[in-house]
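Combine both chains into one complex, guided by the hints.
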Amino acid sequence: MHIPDSFIPIWQGAIYWIIVLVFITLALKWAKDEMNEEKLPLVAVLAAGIFALQSFNLPVSMGTSGHLVGGALAAIILGSPFAAVFILAMVLIVQGVLFGDGGITVMGANIINMGVIGGFVGFYTFKGLMGMTKSMPLSVFFAAWLACLIPALAASLELYLAGTFPLVEGMIAMGIYYAIIGVIEGIVTVGAIYLITTARPDLVDTGAKTATGA
Amino acid sequence: MIEELFQIERDAYRNSAIHRLDARVKIAITFAAIIALVAVPYSIMIYTVGAFFFAFFFLLWCCTRLSLVVYVKRLLSIVPLWGMIIFFQIFLKNKYYTDYHVVMSLPLGISIYAESIEFAFILLVKFVICISFIILLSSTTKMHDLLEGAARMGLPPEFALALGMMIRYLFVFGYMYRKINETLKTKCFDAFDRHLPYRYRLRQLGYTIGTMFIRSYEVGERVYTSMLCRGYGRESYLFVAKKPLKTYEWAFLLISLIFIVAVPVAVWLTAISLF
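Protein chains in written order, with our numbering: chain A, 1 to 214; chain B, 215 to 489.
Because the hints were derived from the structure by calculation, they are not lab data.
Note that the structure is a prediction, hence the values are computed from the model and not measured.
For each residue, glycine too, the CB sits at the ideal point set by N, CA and C.
It is possible that part of the hints are untrue.
[As the list claims (entries may be wrong)] Which chain B residues face chain A? A few, computed with CB under 8 Å, are given here: (1) Leu251; (2) Gly297; (3) Ser352; (4) Met357; (5) Phe373; (6) Glu396; (7) Gly420.
Chain B on its own, in the form it takes in the complex (with noise of 0.2 Å):
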């Protein structure tokens, strides 16, 4: 995860339309959207929900001018885990069905069934659908900037001011963990090779950890005293000026967000299905 953390502030600090945009309007959407898929029932309707939303990601991803590659390469990263849990979900029976039909029996009285894989191929819908809106909040979003939309938005300034703090040593703990990464690679230590005794690759493992955790600790030490130099005092909090959203950014907003609960709601109330 932390590898990743340099290309998306690289993807961040591109040039869009999306780009530009108030870091709120975009946390407000992103949320909106998801929380829109979600609140969809674990029913087919979802197929023609996602395809309008996917749409609309798509839509806005073009606009990003950001590469189809960047995307696909940051879903696939996330992807794999979870799934697999998707995939899982084709052999077991679940509380959303009553009657099941078995497509294929395997050994060991393991079963396909066919309500089991629509309801994999829903999960699967929602969760892509959900995870691409992340995508593109964070690829079009400096950190820096999420914070300051999330404090203008009524994220409490103690979070907002460690967090402030955590998302600048993580850049910090990126480096190390290159560095550290590259050491091992230089000693040819792969923690995976399993002709190197277990407890030494543990052993290597917990080294580096502890090394991390020290390192940050200096780290800490040294940001404590400049802040003391610049006069940090208990009661400080980030400071974060007030920015009213301008016209075209409300006209955005306020169409997606039409758009975001018109959709489920009509597709609901017509029963229109584009599958």
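Just chain A, same shape as in the assembly (with noise of 0.2 Å):
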């Protein structure tokens, strides 16, 4: 999902970067009301474990494997989908500038399919779900699952308005594939969340303490 220098025409990668920030200045006005001397550390914590959690390979199919996003997962945590994009702005940031996985060019679409999509897709789904159905797993499962595909299928949107990958074929690909792991997404962000809200309840700022407690 990281897509990398040259995949998109510089224009086009000079209009994401402007769109994200905006979202990034608005994740930075969270980062100064919200991010206290009890949260940064949290906050740092939590960008260095999506950082890892991205470099665990999940078996897919066929011998292809996969990463998580961990946009959800920040999300809810964090109980901001402003908190998904400063931590994966933080994340895209090192991934592309260390280990170029990822691009300088095109690090705008990619915060936005896995910062802003992902954070906000999947901190809505979350709460919107917990209000309908009071289930935290049932909850965090479809808000991980869809804040894995979504940003997928943006990307694969992007490629195509790059002219690097046809839109049909590219939105099967990567629906299919991102779908499956997705379903793994969901899976092992509900089994974080479940131990978080476990072993340290008081670190989860959602619907999802009470939840669990409930």
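In structure tokens:
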């Protein structure tokens, strides 16, 4: 899902950068308002944790593998989609600048996909489903699944707009692939949030804490 | 990716003329080179521009006194996934060409086009050289120096502080990742072993990831307490002292930037081709 440099023309990359700068500004505002002394190490740890999680290759099928994204996880634990934007931006900066995973001119697109779309889809799906079903595992699972699938579809749309991959083939390939990875992401996210809310309920500031306790 | 962390930092701690350059100079050159390469249209002019840029990169790499094996290993760890997508381009038509000529027809109506092969090669050249500059930057600059350089270049303090802490945790996670991997190997656990039930493999990975998270919280909490003991507060930010660039760094930066801008412009204006 990490689009590398050269797959998107420079002018399109610039547009994605401009869009994402708006979200980064809002994420910085979230960081100034919400990231208190206690939350800062948590944010940094989560960012490093998501980075590490993305290093785990999970078996998908036919010898292929994929990695988790973590946008929903960050948004749900920290209780804001802007937390996901902030954390995924940090993760993608480190991955792009140090490891060449992703790129510089396309970083805007990558942050939009995994941070903005992943974070917002994950957070609001979780909130919506929690309101309707009151089931934490179900809400987290679908939130994480959608937060994995929709960014992948967005990435294939961006590649189509860039003229570097056809739309239908890209949507089908990415859709199927990330729908499968999304199931694993959903299970792992449920497991991670369950473990955290059980071991350290004080750290999760969304409805998840209440739901598990209920 | 996390396995590379330690090797990258080891390479960055070496000593050479490139290693000693201020991080801002290297960041500016890397970003400029990548932007210039991406800005070149999807045309065969990239071959000539790419050759000049690769020669520039190679010259800088030789000055780092790092082995070419380091570069090739890192390149090979990045290229395969997107290399596959570049390879698939040879079967696809795209908006950058109007006429397509079939080079080979395959079963199921699949064809390989001459123009698609050319496009795939253009993408490959751009991709590999962009990655090469990233490898050069990260192999010659310590992570902390990169962060300080970015902070001096205007990275918001909230980001700089959180990134600084994240980078420290990355190494903790790196050690944990190694330990967990060794433990799994000791138990002869292979996530890709088809003889093991899928649910079992997934559960083991779930436990592993969950353990990493819980341990990360514990580490975070200890760091938080230590930070409080050392006078950390809400308004604390990473202190970055002012550090003006030296004359030779300015000179190197300017010459490099002129080269990076002049090469594509000159190739475009003169239409010269090395290939």
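Taking the hints in turn, this is what the structure says about them:
1. Leu251: 7 Å, holds
2. Gly297: 10 Å, violated
3. Ser352: This interface hint holds because 5 Å falls under the 8 Å limit.
4. Met357: Status holds, d = 7 Å.
5. Phe373: 7 Å, holds
6. Glu396: Violated: closest Cβ of chain A sits about 15 Å from Glu396/B, beyond 8 Å.
7. Gly420: 4 Å, holds
The structure shown violates the earlier hints numbered 2, 6.
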